[in-house]
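Peer 1: Chain by chain, the residues:
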Amino acid sequence: MLSLQEISDRLEIEQLIVRYSNCIDQRNWDGLDQVFTPDAYIDYRALGGIDGRYPQVKAWLGPALANFPHYCHLVGNIEITLAGDSASARTLCINPMDTPLPAGGSQVMFLGLWYKDKFTRTPRGWRMSERVEEGCFQHNVPPHMAIPAA
Amino acid sequence: MSLEELSDRLEIRALIVRYSNALDARRFEWLDEIFTPDAYIDYRATGGIDGTYPKIRAWLPPAVGAFPHMCHLVGNIAIELAGDRARARTLCLNPVEVPLAAGGKQVMLLAMWYQDELLRTAGGWRMSRRVQDGCISHNVPEHLAVLAAER
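So the sequence lines, in the order shown, correspond to chains A and B. Note that my numbering gives residue 122 to position 122 of the first sequence, counting from 1, and the numbers run on in steps of one. Note that my numbering gives residue 53 to position 53 of the second sequence, counting from 1, and the numbers run on in steps of one.
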């Protein structure tokens, strides 16, 4: 049977994963300060982004996502492995993106990806210390968008 | 809810997610710790086979080998506990990238429910029965139209 501590840890980590999606989808970049450790490593290269430490990635996000008027990051299939004050998780994300077209109008593309995360317990709660994307399916991607084949 | 019921619900949810990850990451050996050895599995609603676990375990790798990328997103997990047994109904959205004979690829979107029966064993919760109940199929390539026709 899971202990109360383990149940609490699992629910807190799930909430952290959802909070990341909400910060990104509401363009609340400062909110990410409560998601990542200051030196977290983040790798968005599987879907055409950058990799680096949290401050560099935080500064990159706003301009990079300004090109997309509407999008969301639905997470599910969260599989968490706990190890005391650290943890890892694999999470599936379905990501519809409203993409403006060069000739006018827009097209919604659907990206599927997994997040491979590492977490650490800090005095202020669980934080993400690493997030690496792994690509899955890509549907309805406009020809002008450069996304590496997964 | 008691601590035991909370624990059972989280463990069963984790088992259902683990199944999706075993298929999507092609780690079929993980299935040995998801199903009981004599579990009954029925994939006929989406064009697959039915049978007991060893037969399904052998059938799966070549059957999904044709699809380079797919995922089985689960949600709406409704669990009914009854001591050392449980039932669950789970919705699954299943996008599958299908290579086309003429080149290129097409993403089809299938949806189904899993109707599961579960058992508490010495090694933790296991699935003793999983039967698919078909829902939508969208954008299925012509050469796979059998999937839709047989539903």
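Calculated from the structure, these hints are not laboratory results. Computed from a predicted model, the values in this text were never measured in an experiment. Note that beta-carbon positions come from the ideal geometry of N, C-alpha and C, so glycine has one too. One or more hints might be untrue.
Stated by the list, open to error - Partner residues aside, some chain B positions facing chain A, computed with beta carbon under 8 Å:
id	residue
1	Ser2
2	Leu3
3	Glu5
4	Glu11
5	Ala14
6	Val17
7	Arg18
8	Ser20
9	Asn21
10	Met70
11	Leu73
12	Gly75
13	Asn76
14	Pro95
Peer 1: Each hint needs a verdict: does it hold in this structure or not?
Peer 2: Verification of the hints:
Because the closest C-beta pair between Ser2 of chain B and chain A is about 10 Å apart, greater than 8 Å, the hint is violated. For Leu3 of chain B, the interface hint holds, since its Cβ comes within 8 Å of a Cβ in chain A; the closest pair sits about 6 Å apart. This hint is violated: Glu5 of chain B has a C-beta 10 Å from the nearest C-beta of chain A, more than the 8 Å allowed. Checking Glu11 of chain B against chain A: minimum C-beta separation of about 7 Å stays under 8 Å; hint holds.
With a least beta-carbon distance of about 7 Å to chain A, the hint placing Ala14 of chain B at the interface is held under the 8 Å criterion. The closest approach between the C-beta of Val17 of chain B and any C-beta of chain A is roughly 5 Å, which is under the 8 Å cut-off, so the hint is satisfied. The beta carbon of Arg18 of chain B is positioned within 8 Å of a beta carbon in chain A (closest approach about 6 Å), and the interface hint is therefore held. Below 8 Å, beta-carbon pairs count as interface contacts, and Ser20 of chain B has one with chain A at about 5 Å; its hint therefore holds.
Below 8 Å, beta-carbon pairs count as interface contacts, and Asn21 of chain B has one with chain A at about 6 Å; its hint therefore holds. With 8 Å as the threshold, the beta carbon of Met70 of chain B comes within range of chain A, its nearest partner Cβ sitting at about 7 Å, so the hint holds. For Leu73 of chain B, the suggested interface contact is upheld, since its CB lies about 5 Å from the closest CB of chain A, less than 8 Å. Because the beta carbon of Gly75 of chain B sits about 6 Å from the nearest beta carbon in chain A, less than 8 Å, this interface hint is met.
Among the interface hints, the one on Asn76 of chain B is violated; its C-beta lies about 10 Å from the nearest C-beta in chain A, farther than the 8 Å criterion. Taken as an interface hint, Pro95 of chain B checks out: its beta carbon lies about 5 Å from the nearest beta carbon of chain A, inside 8 Å.
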